[in-house]
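*Asks:* Given next are the chains, with one letter for each unit.
There are 2 protein chains.
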Amino acid sequence: MQQYFIQKKNSDLVVGEYVKLSHEDSHHLLNVMRGQNGQTVQIVCNGQHFLANLVDTVEGYAVLKVFEKSSYDANQIELPVQVTIACGLSKNEKIEMIVQKATECGMAYFQPLSLTRDVVKWDSKKAQQKQNRLQKIAHSAAEQSKRALVPEILSIKTLKELLDSSLKYQHKWLAYEEIAKQGNHHYFANLLSQTEMGEEILFVFGSEGGLSEKEVAAFKAAGFKLCSLGPRILRAETAPIYALSAISYALEINFQEENHGTK
Amino acid sequence: MQQYFIQKKNSDLVVGEYVKLSHEDSHHLLNVMRGQNGQTVQIVCNGQHFLANLVDTVEGYAVLKVFEKSSYDANQIELPVQVTIACGLSKNEKIEMIVQKATECGMAYFQPLSLTRDVVKWDSKKAQQKQNRLQKIAHSAAEQSKRALVPEILSIKTLKELLDSSLKYQHKWLAYEEIAKQGNHHYFANLLSQTEMGEEILFVFGSEGGLSEKEVAAFKAAGFKLCSLGPRILRAETAPIYALSAISYALEINFQEENHGTK
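Those protein sequence lines, which keep their order, are chains A and B. Numbering (this note's numbering) for the first sequence: 116 to 378. Numbering (this note's numbering) for the second sequence: 116 to 378.
Incorrect hints may appear among the rest.
A pair counts as met if it fits within one copy or between any two copies, since identical chains are not told apart.
Listed below are the simulated BS3-like cross-link pairs for lysine-lysine, each with C-alpha atoms no more than 25 Å apart in a straight line [to be verified]:
{"no.": "1", "residue 1": "K251", "residue 2": "K206"}
{"no.": "2", "residue 1": "K245", "residue 2": "K209"}
{"no.": "3", "residue 1": "K272", "residue 2": "K206"}
{"no.": "4", "residue 1": "K251", "residue 2": "K209"}
{"no.": "5", "residue 1": "K251", "residue 2": "K236"}
{"no.": "6", "residue 1": "K329", "residue 2": "K296"}
Don't read these hints as lab results, they were simulated from the structure. Predicted model only: the values in this text are computed from it and were never measured.
Model the full structure from these sequences, guided by the hints.
*Replies:* In structure tokens:
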């Protein structure tokens, strides 16, 4: 069943309420999915899931009536840790792929990061446009993957700005392929084994250009832990997807197995 | 350092030998990388790594002289299990992305699979072209990710052909999102815990169109085990990447941690 997000800041959604989809979501439901009155869709508002019927179309906007609160639990859908993926600036199609796939894999925040070896730069005019475009991609990927939350795309930061703001994270990790060359692949598992439910992880990835030695030193000095993502060299856009998949496997799948004890 | 594969069927490469890169690899080294005589690259032949210098260019082909056998061990680079990724037919850009990223993540074979709900069909004329194109993508992704082997793209199979040929695999798994709806995410970890080094896994994924109930029943009847890939719905092109990342994490990263005992 198709899922759409509804923004409501001051109160939760209730059964019986009428809601209007956003312009993009209305277009998707009415034109792409050819939605007819009476059709049921899933609505998510403030992490709560509801069922709603399409009842009207007003000036191109889809109007829905909420008829049931769903038993879906956001905690069962969202990763048990909050992962911020911070990436150096890659070409549009690569950074957009990262945001789309990382959203499917459970990312909570995306932090564009300006690094010295980036192959592209965002000037201040473009930065807001790029951020908006990535936010739309995250929105639609979150609907498609049935997330309970839309990952937030943060404003671009320089390395210094990122390090200054990194105190709030319980865990700060840097993916660094030199660790792979030393064969120390277990570092990542060590780091994951030290996380607790609900904690915030800031996980940093270079762009195609990689990281300079100065940057790596600055991350180390700021308390970041370095880790590799296995023995093969991953492209800039593959590394965050590998990382989130591994986090999901470790904390949602293998964890469950231990609980079930059905090995 | 740039890596290229050399095909040699009847004997291994030896130090002192001269080798010629393929047409595509010569173009890459000479034109894309602007290689100069004397430049050192890594050569992989039959899973063995060597260092070689560019010494000449003959009719557009790069000629290299092998000067050192590298201490690189294929076993340290390749996944400890042989994973065949079998996928329903997706649009070109999606199936190409799967092959590229799955190569980075350690896939051994790619099996295109014709399923009833596929959004595209390969007619017999196109099938060979598509297979060749995917083989080139796997080749270049294997070089880029420093694999010891190039994953082989197999000829397209129908479901019946796949099931008939599936006896040789020790493990046959089907990614099926209905398992996710039941919350039984631990199935995947259970399956992985039953694998041994060197075993062959056939892991099947539907295309965007998904699997029909008849197909799922046929897989079950043929002894395939069903599993989900966590609680979020993944796109057709994301699921194999998630799966391989999780396999790598479980068998290369978390496994190492247990060995190191440095938790």
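*Asks:* All hints, please: hold or fail.
*Replies:* Hints versus structure:
{"no.": "1", "hint": "K251 x K206", "in the structure": "both (17 Å within a copy, 23 Å between copies)"}
{"no.": "2", "hint": "K245 x K209", "in the structure": "both (13 Å within a copy, 24 Å between copies)"}
{"no.": "3", "hint": "K272 x K206", "in the structure": "within (17 Å within a copy, 36 Å between copies)"}
{"no.": "4", "hint": "K251 x K209", "in the structure": "both (15 Å within a copy, 20 Å between copies)"}
{"no.": "5", "hint": "K251 x K236", "in the structure": "within (21 Å within a copy, 31 Å between copies)"}
{"no.": "6", "hint": "K329 x K296", "in the structure": "within (19 Å within a copy, 47 Å between copies)"}
The structure agrees with every numbered hint stated previously.
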